[in-house]
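Dock chain S against the given chain E, drawing on the hints supplied.
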Amino acid sequence: MHELSLAQSLIDQLLGLAKEHQADRITKVLVTLGPFSGVVRDSFEFGFNILKESQALTRDAELELETPDPVYICLDCGKLSAIPFSHPSDLLDIHSSRPYPKKCPWCCLSRLSPKGGNELILNHVEME
Amino acid sequence: MCDTCGCQLHDHHHHDAKVVEVNRSLLEANQKQAEANRHHIEHMGAVAINLISSPGSGKTTLLERTIEALKETVRIGVIEGDIETERDADRIRAKGVPAVQLTTGGACHLDAPMVHGGLHVLEHFAKGGGYDLIFIENVGNLVCPATFDLGEHRRVVLLSTPEGSDKPAKYPATFKSADLVLITKTDLLPYFDFSVEEATSQSLLLKPDLEILALSATTGAGFDAWLSYLNQLLHHKSR
Numbered sequence: 000m001h002e003l004s005l006a007q008s009l010i011d012q013l014l015g016l017a018k019e020h021q022a023d024r025i026t027k028v029l030v031t032l033g034p035f036s037g038v039v040r041d042s043f044e045f046g047f048n049i050l051k052e053s054q055a056l057t058r059d060a061e062l063e064l065e066t067p068d069p070v071y072i073c074l075d076c077g078k079l080s081a082i083p084f085s086h087p088s089d090l091l092d093i094h095s096s097r098p099y100p101k102k103c104p105w106c107c108l109s110r111l112s113p114k115g116g117n118e119l120i121l122n123h124v125e126m127e
Numbered sequence: 000m001c002d003t004c005g006c007q008l009h010d011h012h013h014h015d016a017k018v019v020e021v022n023r024s025l026l027e028a029n030q031k032q033a034e035a036n037r038h039h040i041e042h043m044g045a046v047a048i049n050l051i052s053s054p055g056s057g058k059t060t061l062l063e064r065t066i067e068a069l070k071e072t073v074r075i076g077v078i079e080g081d082i083e084t085e086r087d088a089d090r091i092r093a094k095g096v097p098a099v100q101l102t103t104g105g106a107c108h109l110d111a112p113m114v115h116g117g118l119h120v121l122e123h124f125a126k127g128g129g130y131d132l133i134f135i136e137n138v139g140n141l142v143c144p145a146t147f148d149l150g151e152h153r154r155v156v157l158l159s160t161p162e163g164s165d166k167p168a169k170y171p172a173t174f175k176s177a178d179l180v181l182i183t184k185t186d187l188l189p190y191f192d193f194s195v196e197e198a199t200s201q202s203l204l205l206k207p208d209l210e211i212l213a214l215s216a217t218t219g220a221g222f223d224a225w226l227s228y229l230n231q232l233l234h235h236k237s238r
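Protein sequence lines, in the order shown, are assigned to chains E and S. Count the first sequence with numbering that gives the first Met the number 0 and you get residues 0 to 127, in order. Count the second sequence with numbering that gives the first Met the number 0 and you get residues 0 to 238, in order.
The hints are simulated quantities; they were obtained by calculation from the structure and are not laboratory data. Bear in mind that the values here come from a model prediction, so they are computed numbers and not experimental data. Backbone N, C-alpha and C fix where the C-beta goes; we use that ideal spot for every residue, glycine too. Any given hint could be a false lead.
Label pairs and their calculated CB-CB ranges [claimed, not checked]:
1) E:ASP75 x S:GLU197: 16 to 24 Å
2) S:TYR190 x E:LEU14: 48 to 56 Å
3) E:LYS114 x S:LYS169: 12 to 20 Å
Computed list of lysine to any residue pairs in SDA-like fashion (alpha-carbon distance at most 25 Å, straight line) [claimed, not checked]:
4) S:LYS169 x E:SER112
5) S:LYS206 x E:TRP105
6) S:LYS17 x E:GLN21
7) S:LYS169 x E:THR31
8) E:LYS114 x S:ASN22
9) E:LYS27 x E:GLY15
10) S:LYS169 x E:SER4
11) S:LYS70 x S:ALA125
12) S:LYS31 x E:ASN117
13) E:LYS78 x S:TYR170
14) E:LYS114 x S:SER24
15) S:LYS31 x E:LEU16
16) S:LYS175 x S:ALA224
17) S:LYS17 x E:LEU16
18) S:LYS206 x E:THR31
19) E:LYS114 x E:GLU63
20) S:LYS175 x E:SER42
21) S:LYS175 x E:ILE120
22) E:LYS27 x S:SER24
23) E:LYS114 x S:VAL142
Chain S extracted, bound-state conformation:
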C-alpha cells in the first residue's frame, strides 16, 4: 500500500516531488502582447505614446489641443481608456480624429491585451489609410498603469499644478517609468502652491535623464516645445 495516499494501486504513482526552476516574469503574458502591439503599431507605420496621470490632470485636453495643432500634417489615432463612458472618445472624435474607447469596467489600468483589441478597431477606422501617431490615454491613475507595458514607444506622465509638486516623490514607480514628464496647467501656477523646481528635481532624482516640459493647454504657453518633441519623434520614426 502506498504510504502517501493509502491507495492499493501501484501503477498510478507519481508522488515524487519535483522542483521546477522558472525565473520568468509574472508579467510575461502582458510583455509578449506588448511586444506584439509594438510590432503591430510599427507595421501600421506609426509610433505610440502612452499617456499616464491622475484623473483630471488634463490628458484629454492636451490631446484636443495637440490634434488641433497637428491634424493637418499628422495622421493621429487615439485609444481612450476609462472605467466607464465614451465621453473622452467623443471629445476626440469631435476634433475629427478616429478614437476607440476601451471601457475597463472597473480595472484601474490598461493592459496590452486590451490595447491589442483597440488597435484592431483603430485600424478598421483608418480604412487602409494608416496612422503616424497613436495616443493611448490610460485610465486616470498614478499607480497601477506604471506596471503595464502597452507596446508604446514613449511613455508620457502628466503632472498638473493643482496636484502638488510632491507627486514624483510620492509615486516614484510611475515617474521613474516615464520618458517625458509634462507639467500641465501652468496657467494656474499663481493660484497653487506648486514648485516647478521641486517637481523637476524630484523627478530627476528618480531618473536623471528624464525629459521634463511645462505647458498650459489653455493659454498655449510651452506648447511649442511639446509639439517639437512629437515632431522629433515622428521624424525619428520615418528615418
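In isolation and in its complexed conformation, chain E is listed as follows:
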C-alpha cells in the first residue's frame, strides 16, 4: 500500500537529478526492488506511471525494474541459494509446483534464512 509514496519519492529524486544535470526530459529509469523489500512490483509500476504524468520532465520516462530472486542462507550447511518465489501460475503445472517449506538444494534441510534483499535502489537514469 506504500508503493505510491515510494513512487513519489522516486519522482522527486528524478526531478532533482534532472535539475542537477540540466536535462529537459528523463527517458529511462532503472530501479532494483529487492525480494524482501516489501514492495509489490506491479503496484509500484502502476503508481510510477500515474505520477510521472504530472511532470513534463518525467512524462516520457520508461521504468525498468529489476527484481532479483530471493537468496537464502542455510542455517545447517551454511551455503547460499537463490530460490525464486512460487508464482500462482505454477499451480497450473503440477510438475513445477515447488515444495513448502523451501529446502536447501545442497543439504535438503529446510532451515533457510533470507539473506539481504531489502534493497530499493535507483541504479541509473537516462536523460536528455
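Chain S only, in chain E's frame:
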C-alpha cells in the same frame, strides 16, 4: 534543421542523451530524516522504541502497563500513529504521560518526517524536562511499517496469540527487521491454537540472533523480563 525535433533554431540544442549512475536508495529521504530523528532523540537524552504489530495485538495495552510500572523512575513520552482518532493518545495521557497523536489520514505506516513533527510536539510537552524513553506506536499493520526507519534505537514487533503462530513465516520482512519479538496475550494460550515453539523457531529462522519474550499484560506474567529489557536499554544509554 534539427533531425530530432524539427526546429529551426540551433542554439538550444542539448538532445544528447546522458546516462547518470545514481545507485541510491529510494528511501534516501526517509533514511536521512530517520538519522536526524535519532540524533534529535539522543539530544533529548532518550532512547526510542518503534512498536510494530497487527491492529489489536496489544501495543497500547502493553504501553499502559509499562507506564504504570516505570513512570515513577523513567520519564516516558509516547508518539501514537493511527489512521484516525486520538483514542490511543487519550489512553496514554490517562496514565499521566505526554502523548502525541499522529493521524496519518489513510497512510498505512509512519515515516520519519511524520515522527520528526511528533518529536517537536513531544519536546514542547516536556517543558524542558526531557525524556528517558520514547515509544513510537506505529500504525497497526504487519507489512508496510517494516520498510521505514523512524529513527528508533530498537524495533519491537508484537505477535498476539489469537493471531496464530504462523505470522513470522507469513510476514518475514517485518519479523526479520525486529530487534525483539514480544509474544503477547499469553493468558489466552489455552483458548487458541498458538504454538510458542513454532513462533519462536520461525522467527529465529529469519534472524538467528533475534530476542524473543512472551508476556501477558493482563495477568502480568512475563512482564518482568520485558521491564528488565527496557531497563538494560536505559542503562546502556546512560553509559
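Now the hints, each set against the structure:
{"no.": "1", "hint": "E:ASP75 x S:GLU197: 16 to 24 Å", "verdict": "holds (18 Å)"}
{"no.": "2", "hint": "S:TYR190 x E:LEU14: 48 to 56 Å", "verdict": "holds (54 Å)"}
{"no.": "3", "hint": "E:LYS114 x S:LYS169: 12 to 20 Å", "verdict": "holds (19 Å)"}
{"no.": "4", "hint": "S:LYS169 x E:SER112", "verdict": "holds (13 Å)"}
{"no.": "5", "hint": "S:LYS206 x E:TRP105", "verdict": "holds (21 Å)"}
{"no.": "6", "hint": "S:LYS17 x E:GLN21", "verdict": "holds (10 Å)"}
{"no.": "7", "hint": "S:LYS169 x E:THR31", "verdict": "holds (23 Å)"}
{"no.": "8", "hint": "E:LYS114 x S:ASN22", "verdict": "holds (20 Å)"}
{"no.": "9", "hint": "E:LYS27 x E:GLY15", "verdict": "holds (15 Å)"}
{"no.": "10", "hint": "S:LYS169 x E:SER4", "verdict": "holds (24 Å)"}
{"no.": "11", "hint": "S:LYS70 x S:ALA125", "verdict": "holds (14 Å)"}
{"no.": "12", "hint": "S:LYS31 x E:ASN117", "verdict": "holds (17 Å)"}
{"no.": "13", "hint": "E:LYS78 x S:TYR170", "verdict": "holds (24 Å)"}
{"no.": "14", "hint": "E:LYS114 x S:SER24", "verdict": "holds (18 Å)"}
{"no.": "15", "hint": "S:LYS31 x E:LEU16", "verdict": "holds (17 Å)"}
{"no.": "16", "hint": "S:LYS175 x S:ALA224", "verdict": "holds (21 Å)"}
{"no.": "17", "hint": "S:LYS17 x E:LEU16", "verdict": "holds (11 Å)"}
{"no.": "18", "hint": "S:LYS206 x E:THR31", "verdict": "holds (23 Å)"}
{"no.": "19", "hint": "E:LYS114 x E:GLU63", "verdict": "holds (24 Å)"}
{"no.": "20", "hint": "S:LYS175 x E:SER42", "verdict": "holds (23 Å)"}
{"no.": "21", "hint": "S:LYS175 x E:ILE120", "verdict": "holds (20 Å)"}
{"no.": "22", "hint": "E:LYS27 x S:SER24", "verdict": "holds (17 Å)"}
{"no.": "23", "hint": "E:LYS114 x S:VAL142", "verdict": "holds (18 Å)"}
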